[in-house]
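K.L.:
The sequence shown begins at 132 in my numbering and counts up one residue at a time.
Treat the hints as calculated values from the structure; they're not laboratory data. Treat each hint with caution, since some may be false.
[To be verified] Have a look at the derived ranges for each label pair, beta carbon to beta carbon:
no., residue 1, residue 2, range
1, 239, 197, 40 to 50 angstroms
2, 177, 148, 27 to 37 angstroms
3, 239, 145, 29 to 39 angstroms
4, 243, 141, 34 to 44 angstroms
Yeah, the Cβ is synthetic: ideal placement off N, Cα and C, and Gly gets one too.
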Amino acid sequence: MSFGQAILVAVLAGAGTYLVMHRTLTRIILGLAMLGNAVNLLILTSGGTPGEAPVIGRTGEFTDPVPQALVLTAIVIGFGVLSFLLSMAYRSWTIDGNDEVEDDIADRRLADEPDEVVDHGEPT
């Protein structure tokens, strides 16, 4: 893996992680897409030596086809997941009028309550 490719993977992973931590669905979806692309690029670049032919090297040995098959499968699965998430975000947008993820009311209520010690009784 060359230095430029490593920087590109790091930038994609960092930007994807930053976007996933937001509260709007569109940024979360874009962040997941960026993380998926970063992982695909990492797998693809670690599968072969830079500067060599993609399938057959100079020495006549074949490169490992497993990383290419993994990336191709990950692209197809990622496209399916991305389209499903986009349809869910569109549905949320049409129902609520915004795409911000709100806190769960019951979770907020439990977080605001003081901690209580619960006695479950003696084991029998």
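K.L.:
Are any of the numbered hints broken by this structure? If so, which, sorted upward?
P.N.:
2
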